[in-house]
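Undergrad: Protein chains in written order, with the numbering used here: chain A, 13 to 361; chain B, 11 to 156; chain C, -10 to 378.
Calculated directly from the structure, the hints in this document are not laboratory data. Bear in mind the structure is a predicted one, so any value in this text is a computation, not a measurement. Everything hinted at is true.
With a straight-line cut-off of 20 Å between C-alpha atoms, the simulated EDC-like cross-links for lysine to aspartate or glutamate are:
#1 Lys100(A) / Glu126(B)
#2 Lys356(A) / Glu81(B)
#3 Lys78(B) / Asp113(C)
#4 Lys352(A) / Glu129(B)
#5 Lys352(A) / Glu126(B)
#6 Lys36(B) / Asp244(C)
#7 Lys78(B) / Glu125(C)
#8 Lys343(A) / Asp107(B)
#9 Lys356(A) / Asp79(B)
#10 Lys260(C) / Asp270(C)
#11 Lys100(A) / Asp127(B)
#12 Lys60(B) / Asp81(A)
#13 Lys219(C) / Asp34(C)
#14 Lys66(B) / Asp244(C)
#15 Lys356(A) / Glu129(B)
#16 Lys36(B) / Glu243(C)
#17 Lys352(A) / Glu81(B)
#18 Lys66(B) / Glu148(C)
#19 Lys100(A) / Glu122(A)
#20 Lys205(A) / Glu126(B)
#21 Lys352(A) / Asp105(B)
#22 Lys205(A) / Glu129(B)
Residues of chain B clear of chain A, computed beta-carbon distances all greater than 12 Å:
#23 Arg15
#24 Val37
#25 Asp43
#26 Pro46
#27 Leu53
#28 Ser55
#29 Glu57
#30 Gly96
#31 Val111
#32 His112
Just so it is clear, CB atoms sit at the ideal spot from N, CA and C, and this is done for glycine as well.
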Amino acid sequence: MSAGIVSYGAYIPRYRIDVGEIARVWGADGEARSKSLAVYSKSVPGPDEDTATIAIEAARNALRRVNIDPKDIGAVFVGSESHPYVVKPTASIVAEAIGATPYLTAADYEFACKAGTTAIQTCMAMVKSGMIKYGLAIGADTSQGAPGDPLEYTASAGGAAYIIGKEGVIARINHTVSYTTDTPDFWRREGQKYPSHGGRFTGEPAYFKHIINCTKHLMESVGTKPSDYNYAVFHQPNGKFPMRVAKILGFTKEQITTGLLTPYIGNTYSGAVPLGLAAVLDVAKPGDRIIAVSFGSGAGSDAFDITVEDEIENYPRHMGPSVMELVENYKMVDYAIYAKFRRKIHLGV
Amino acid sequence: MAIPRFWRHIGSRYNLVGTKCKVCGKVYFPPRDVCPVCHRKSLGSMERVKLSGSGKIYSYTVIHTPQKDFEMQTPYVMAIVELDEGPRVTAQIVDCDPSEVHIGMRVRAVLRRIGEDGEGGIIYYGYKFVPERTSAKGAQGHLSVK
Amino acid sequence: MRRVAIIGVGTTKFGELWDKSLRDIGIEAGIKAIEDANISGSDIDAIYVGNMSAGNFINQEHVAALIADYAGLAKRHIPATRVESACASGGLALRHGFMAVASGIHDIVVVGGAEKMTDVSGADATATLIMAADQEWEAFVGMTFPGLYAMMAVRHMYEYGTTKEQLAMVAVKNHRNGALNPNAQFRREIDLDTALNAPMIAYPLGLYDCSPVTDGASAVVLAPLEMAKKYTDTPIEIIGSGQASESLALHDREDICTMKSTVFAAREAYKMAGIMPSDVDVAEVHDCFTINEIIATEDLGFFKKGEGGKAVEEGLTERDGEIPVNTSGGLKAKGHPVGATGIAQAVEIVYQLRGEAGKRQVDGAEIGLAHNVGGTGATAVVHIMRRVN
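Bound-form chain A, shown alone (with noise of 0.2 Å):
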């Protein structure tokens, strides 16, 4: 019996910024770069919110879901590119506030952007040989731009959670594949505060090759054809480049938009595909077939084909706020607030 999603929680902060407010404050065209981006707002975590406080909720969003004892978690992952301590898991933090402790494992990952679909895959392993009964996997962060740079219209927060296990089923992952190189387009050096990037080398050698090589892999491997699917989630650094490559691929609008979210949240790096997943598997219906593509920098993509299970009809997702819900109830703080509740303004006492 293979593994798959049997619960799966999502968690949004709630403050926003426009594009234009950055825009304004840089003296660039807030319209021109929301146009070039098609990104309009970002989300903004709290001054109390890190990536562990993210993927605290979006765990507890999941375990809402549904009755699983959290001591049967025998795995915990947080994929992030911003833990709060460089050393200090991030998982045992979350595996304590879930209730999962003692006996379990837990780790950090850290690959860009694709850390939390990465975590998924181990837990997948785990599951399937018997490992463990459920694994919890999250990708979660607060990522930052440096002021200034164009990293800081998209750069976001936000996170999603997925059990993996055998029982209960929601999503049946039938198989997943991965693209990995050693492509230096974006990169953060310890004590660093804000990574470094190589511009337009992030496009093609490297956004665009790694989820289009994994993409057609996956497709190869299981014998699909984009049409075969209903929703194609792909890591989306701002809403052009997901568009582009889903075209480039052959997949349609419709195909993305349900699972397109960076228009309004913006980038939220390791949440980004986990939270996209999420919005898709708010809607999805059994029989429905999902294709998931992460991609992380430095540099690698992650690729999921996903049949959704009729336990889907049994499972109670109001039981956790939908991602709609999440992207909704939102509050707008202007760039000051911003850059007080990032941390950009230091106090002098």
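We have chain A already, so just place chains B and C on it with the hints.
TA: Chains B and C alone, transformed into the frame defined by chain A:
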């Protein structure tokens, strides 16, 4: 705060673990070793229980002159929350504009950063509460797909 | 039990005493009280010092021995005891001095209260004051001391319709009284608009709803009543003393519109004194925040529960009202050097009962009450004093 002083309360701070007196059934938060109702009879009968985290606001205030760790959040709402199991707990109310808060407001517990031991020290996580929203009520509006 | 009288009082000026240290002010108040009592150092059998937090304010513990030492008493080796119960430290020191004399263990006892609060930053003073609340379950989660009293105010408004204007009226009255007190920190009147429009500290409490950070010390000299006449023509007898406790954290109380500690301490004091609340001619109550003057005047039995706000509005607590409250200016205007406050309240009552309160004198005051609270009411101490004719 010294590390062990934070660490030993992680159960209560993350998961609202309190105690229930097995003699009279009353629930307490934070945990107590002696039941103020049953006194000596309760010794050895105080059982750890995880509280649901749902409750309503009994009283509140909006702090304008903050503690050091809360300067970035000022003004912020603090409240005494009456949990559904009975005990009352003092906590910050977040994701809530000061103008929204009122006595009787339904809230639920979330986990947030409470403070930190300086920029290089450990981070203190703990319970705070958010308004229990049934829908996107309280939001500024709906973003339509452009 | 022996009857006990206050035979001398002394106090420093209250305020930001930049040029004075804790030991300076402690000694100054003590010497004034000793002079007032016509005794000399060699007459003193013991001293008690109320002090909340010298350890945090000036990094100095062991302050009772320190003050005895600098009072020149080190070579006499008399017992010197510090008493701590947050802002009720002074009142509680007085009670311990009272008990020592009443029991016959000591005859002449000097009870002082002192706090030096301005040697630390405002933020550090705030952090120290919240130590009077539950550090783990109130302070840790973001609560401030004004915030706790603000929650009492919000609930009192909700339950009884108390208004922000009524809170402000407490401040206006106490500033009016403080203007007449030469030792007060704020010797100026304020109008209602000023109080109402002040910057918010913790909703609904604005700046003028809060007592200030103050340096100051006060002292009294106690003696058995039968010996008192030897030293003074105007002994003031302590006819009632009560103390009670309550949960440390505010959230553990069934009703936060009342301080059970005040109710129980007052009940004990009234019983010992054999009087009713209506017999009290003048009262100093613990108005660390305006809401607490309202709550205290209800809990002390001056007004029915919920009517404290209306009582202020109707002028019942003015100097010429039914029950004059905080003629000294209270903690609000006189200042609130936390450990000294309980003693300073007793000093004001002594002035009133001796007829030495000058322009703020309540005519014919015979019985006075001092009410001192620690934290948010985890401790309350009530003393009732009477002029001995």
